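Enquirer: Sequence:
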Amino acid sequence: MRKHIISKWLLMAVATVVTACSSDKDELFLPQEAPVPVLFTATDDDATTRANEERMTSPQMVAQAGGFGVFTYYSNGNGATDGAYGSPATTANFMHNQLVTGTNAVDPVWTYTPLKYWPNETGATAKSNHVDKLSFFAYAPYIAAGTTYNITGFSPANFVGDPWVTYNSPSNLPGYDLVYAKAVNQVKPTLTDKVTLDFAHALAALSFEIVDDAGLVLQKLEVFGWKGGIQTAGKLNLYTGDWSEITTKTDKTEVVFVKEEDPLPATGGNWKVIPGDDQEFFVRITFKDANGDMKVIPEMPFKEDFEAGKNKIIQITIP
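So for the sequence shown, this note's numbering puts the first residue at 193; every next one is plus one.
Just so you know, these hints were derived from the structure itself, not from any lab. It cannot be assumed that every hint is accurate.
Claimed, not checked - Under the rule of at most 30 Å between Cα atoms (straight-line distance), these lysine-lysine pairs were calculated in the BS3-like manner:
id	residue 1	residue 2
1	LYS444	LYS412
2	LYS380	LYS444
3	LYS444	LYS427
4	LYS444	LYS487
To be verified - Label-pair distances were calculated between CB atoms; the ranges are:
id	residue 1	residue 2	range
5	ILE438	LEU365	55 to 65 Å
6	SER279	LYS419	41 to 51 Å
7	THR478	GLY353	40 to 50 Å
The structure displayed is predicted, hence computed values, not measured ones. C-beta atoms are modelled at their ideal positions from N, C-alpha and C, and glycine is treated no differently.
Please take these sequences and the hints and turn them into a complete structure.
Expert: Structure, rendered in structure tokens:
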């Protein structure tokens with residue numbers, strides 16, 4: 193049987209979210225100045241409309257997980273220099289996995305509690321003449337603890353260094369999208385200014401399209417890792433966007449992703465993959481013959497590069 197296999201890239205879109213934040217820690221602002229709430233605006237790293245787009249929409253943010261999480265680091269400028277993120281390394285001492293949630297799925301107004309305000313290290317009674325700063329790191333969808341929406345954990349409150357979340361894609365359902373944003377070394381603005389969070393995709397995706405010219409009754413498509421393997425889990429650094437502690441599936445006998453239906457649809461997948469080059473896997477298709485017996489189309493190998501925010505579609509023609 194002749195098989196013609198090609199692949200192509202389609203971009204995935206990024207969620208656009210808008211929220212407001214601030215601090216209830218009275219010791220961080222001076223009483224002679226009005227407290228300024230920490231306000232956010234969020235942007236899309238690529239607002240272009242695209243075909244077959246994978247988008248974490250506001251309804252998803254509200255209905256699936258109720259919003260997103262924020263880690264905020266306060267850098268005190270009491271020393272010889274202005275405050276700066278990571279100098280010295282510190283913990284998420286201003287917000288730790290703060291839930292920011294929306295009340296309207298169509299056009300959400302993002303809120304959270306307790307309300308927080310900017311540190312107020314300015315004026316005659318300031319502790320020093322150096323600038324204090326806040327650094328913000330956000331991710332979505334939000335989880336409180338345990339495993340939700342394929343996010344399996346996040347950095348603890350006492351963790352020193354960049355915040356992180358861990359992710360593990362399921363085999364039989366498309367993994368939920370994961371987006372993240374940062375705004376580093378922000379200083380106290382005026383009452384009307386906002387901190388901009390530019391959300392980006394952390395994951396790639398794998399989908400399929402089947403052209404069945406033979407008229408077979410397709411039943412199942414399975415993806416197996418082999419040789420270099422396919423990456424399905426890891427730890428995302430919310431500052432750098434880098435992945436570490438990656439799980440790579442290389443066992444040729446273990447199903448990594450599966451789609452099973454009677455009959456199998458011509459398109460599907462959207463399984464989430466940790467980005468990386470030269471990932472190797474093969475696809476196996478099961479179909480039902482005229483007698484109702486199950487038959488298998490031999491293994492079809494692929495070697496692909498997966499890039500964050502892009503959906504790799506493998507196109508298979510059965511002549």
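Enquirer: All hints are to be evaluated individually against the structure, with a verdict given for each.
Expert: Outcome of the hint check:
no., hint, in the structure
1, LYS444 x LYS412, "holds, 17 Å"
2, LYS380 x LYS444, "violated, 55 Å"
3, LYS444 x LYS427, "holds, 24 Å"
4, LYS444 x LYS487, "holds, 19 Å"
5, ILE438 x LEU365: 55 to 65 Å, "violated, 21 Å"
6, SER279 x LYS419: 41 to 51 Å, "holds, 43 Å"
7, THR478 x GLY353: 40 to 50 Å, "holds, 46 Å"
Comparing the model with each earlier hint shows violations of hints 2, 5; every other hint is respected.
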